[in-house]
Structure formats: structure tokens, C-alpha cells
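**Student:** As a plain string of letters, each chain reads:
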Amino acid sequence: MLGFVWSVIKPLLLGLVLYVILSHVAKIQTDIPYQLVLLPALFPWSWFQTSALMATPAIANNGNLIKKVHFPRYVLPFATVANNMVHFLLTIPIIMIIVLVAGFRPNYTWLIGIPLLTLVELALLLGTVLIVSAIDVYFRDLEHLLDVFLNLGFYMTPIIYPISALGRYRNVALINPMASLIEAWRNLFARNELPTPVDLWPCVAFAIAAVLVGSFVFGRLEKGFADVL
Amino acid sequence: MFSDDTVISLEGISKRYYLRSQRPEDFKTTVLHLPSFLTRDGNRKAFWALDGVSFTVKRGESIGVVGPNGSGKSTLLKIMADLARPTQGKISVNGRISALLELGAGFHPQITGRENAILNAVLLGLTRREAAEVLPDIIAFSELGDFIDEPMRTYSSGMYVRLGFSVAVHVHADILLVDEVLAVGDGEFQEKCFDHIERLRAQGVTIVLVSHDLGSVVRFCERAILLHHGKVQVEGKSQPVVHEYLSRIAAVLGHAVSS
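Residue numbers (numbering that gives the first Met the number 0), protein chains in the order written: chain A, 0 to 228; chain B, 0 to 258.
Hints should not be assumed to be uniformly reliable.
When the alpha-carbon atoms are kept at most 27 Å apart in a straight line, the in silico DSSO-like pairs for lysine-lysine are as follows [said to hold, decoys possible]:
id: 1; chain 1: B; residue 1: K44; chain 2: A; residue 2: K66
id: 2; chain 1: A; residue 1: K66; chain 2: B; residue 2: K236
id: 3; chain 1: B; residue 1: K44; chain 2: A; residue 2: K222
id: 4; chain 1: A; residue 1: K66; chain 2: B; residue 2: K57
id: 5; chain 1: B; residue 1: K191; chain 2: A; residue 2: K222
id: 6; chain 1: A; residue 1: K222; chain 2: B; residue 2: K27
Don't read these hints as lab results, they were simulated from the structure.
Throw the hints in and build the complete structure from the sequences for me.
**Tutor:** Now the structure itself:
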């Protein structure tokens, strides 16, 4: 129960601070109420950022377990991702309340869009954490590097602003796989719009590549885990 | 290549570790020391923890591994448990392994003994339901009583071993690897463990026991292997192998005394 409270309070507090500052202090103008720009993008991003950060040292910090018990090593980073996925799913009712309060009405698209986008983000995350958790065993400062990059990613991904605000630089931003995914989440929650294949392909392609590369890298590197830890 | 009753077969297993390898542990060091990183191989020194070890273990056998510290016993068990990969050689294992290596056995100090028991049983290959089914047996065997619901950081080393052993013998493994842990338990518990090992053996479970307690090796293992400098020195019935080991120790001691 306490876990549920924390999983909701943390993104909600961050969302509240960003909302007050950006909407009422910086006075950003958007076509839909600003909370509908921010929160439907912030919560899926938090899932990604927290999972990636926590899963990176998942192998390296469990040397004791790795060296003494034989089990599939990938369960350690995967468990972190799954745990944070549950936290994210628990914040969806909050998004729903905010959408309703703003006078919008969710419809059937949510029932299709939520599982679809969850699956894409899950695949992207699983592939990513396979790579970073395996490399982190050999290069422990990857954790710090990743922290820096994720903080940059927060601003480079259309989270606190809609992607339309980028104008002609929109296509540059879409190189970032999270950009199309976060935009798809926002369009789903704030506009009841399902992503088209054109919207989502950068992210899906990245997710597939991440899973393939991740399985390969992890499979190669895990042979040495017990010797290095 | 696999006769029906062979459960573990090792062919020319070698394991190399590097001394003074000075492998950089992060990107920063790697980049800052790129020149020395590229030439580091000249500095490192190979150490063969195991050097061409070959033997087979048959179903239901119990085999003891003896030898001085640093002779490669634990490395051998790690390779059998698939925790480390051999540098050279081939190993085949036919059956599910439960390994109890050193103290701690992968327990998490912050969670309770009960939670650790379930976690460990699941990691060793049981489903959650199976783990829940054997949990009462595990707790009863460990004799930890009310302490089972205390966090494991409060446990003594004896209590660690009790729980670790209890989990390891209750996961329905075909092969049980035990590395010098029973010495920490008290005499009574050791007896109980050996009784249980006997029962498992009667059920066809294969046992590999690493121990410095040579009396136990003679008592519980029909065969034994003497390792030294990563090589199998003697292999055979446990009594003569242990005898040989003791006479080697005596020879070293005698040499020390006479010089």
C-alpha cells in the first residue's frame, strides 16, 4: 500500500512543480490545457527514466547473488523494469482524473492505445536495460553517464512541450526514439488519438533493434559476470 | 558419449584467471589511460586455477573433493554449478543442480529469513507454488523458529548456514554441490545434514562435497578426488585418497621439521 502511495506521489509532485512553474510562471501557451500536455507525457517518461537508472546497476550490485546462485541473470534488470511498469500503470487513473476534470472524455482508443504503447515502451526498455546492465558490470561509471544523458533526454524529448512547438526541427527531435513514443502517449491521453504506423515507427524500430542487440550483448557479456564481480 | 548413469562429465576443464591484469573498471580510466590499456596484456600474468581436470560422476554417487587452500576446489564447484565458464574443456551436466557455495548463499540481508528462503528456492528453479509447499519443511529443518521472520542481517553465521542448507536440500535437485559450509553449523546440525544427505543419496541424488573435514569425506563419500595446483593428483576410493592426502601433508611437515 505504501508502495502505491510512493509510486503515485513522486511523479505527481514533479508534475505539480513543473505545471505551476511552466504554466503559471513561464506562461507557456498551448492549444490544450497545459496539464494535458505535461502529465500524459511525464508519467510514461518517468517509467523509462527510473527503470533505466535503477536497472543499470542491477547486475553489478548483486555480485553476491550472481556468484553463488545459478539463475537467468536477465531477471534482475527485468524485475526493475516490471516493477516500475506497475508503478506507471497505477498512475494512469490519475491521468484519467485530470483529463476528466479538464472536461475531456476518454473513449475506446484508450483500451487499444494503452496496451499497445505499454508494449512498445516495455520492449524498448527491456532491450535497453539488457545492454546497459551488462556493460555496467565492466564499466561502473556507466551509471553516472546514463544519469547525465537521461537528464538531457528529459529536455530533448517533447515532455514539457508538445512536439509541434519544435516547428521545422521536429524531424531532428524524432531521431530520439522516446520522442515519437511520448508524443503518442500524449495524443492518446489528451486527444483520444491512436498512433499511426508512421508516427510510431521510429520507436518500434528502435525497440526491436534494442531487443536484438540487447540479447546479443547480454548473452556475450554474461559469461564473464561471475569472473568480474 | 553419455552413458545413462553419468550425471556430470568433465573433459580437460581448465580455468584461467589473470593476476595484475589492471583492467580499468570504468570508462574514465579507460580513456585517460588508453595507452597503458592497450599494452596492459604484457603486464598481466596467467594463473590456472584448474588445469586439465577430467572425471565423471555417476548418478547417486557421492564424491568428495579434497586438497589444500587454493588448489581449485571452489573453482571446480563453480564450474559444475555453471556459475563460471571454463576457459578450456567440456562439461556436461545431466540433471538439475542445487549448489550451496560458501556462506551467504546469495541471501539478501535486509529481508527476512522466510522471504529469503522463498527467493532462493525460486532462484534455484522451483515455481512460487512449489516453494510455498516446501517452505514449512525448510523452516522446520533449519530449526530457526521465530527467527525465520527476522531480517537476515541479524543472523549469526551458523543461522545463515542452517537456512542455506535447508533451502539447498529441499529444492528437489538431482545434483547437490556443497562447498565447505557445514563446518559452521554445530555438531548436532551437521549430523542432521549428513543424515539428510544420506537420505537424498538413497533417493538417487548425486552429491559433490568439498571439505577439509576428511573424516566426513571418508564417511560419506564412496569416491574422492585430491586436487593440487588445479590438477587431479589422485582419484579413487575415498579412504586411500584421503590417506594419500594426509601422507603428503605429513611429508611436507616432515620436510619442514628436518630442514
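**Student:** Enumerate the violated hints, using their earlier numbering and listing them in ascending order.
**Tutor:** Hints 2, 5 are the ones this structure does not satisfy, whereas the remaining hints hold.
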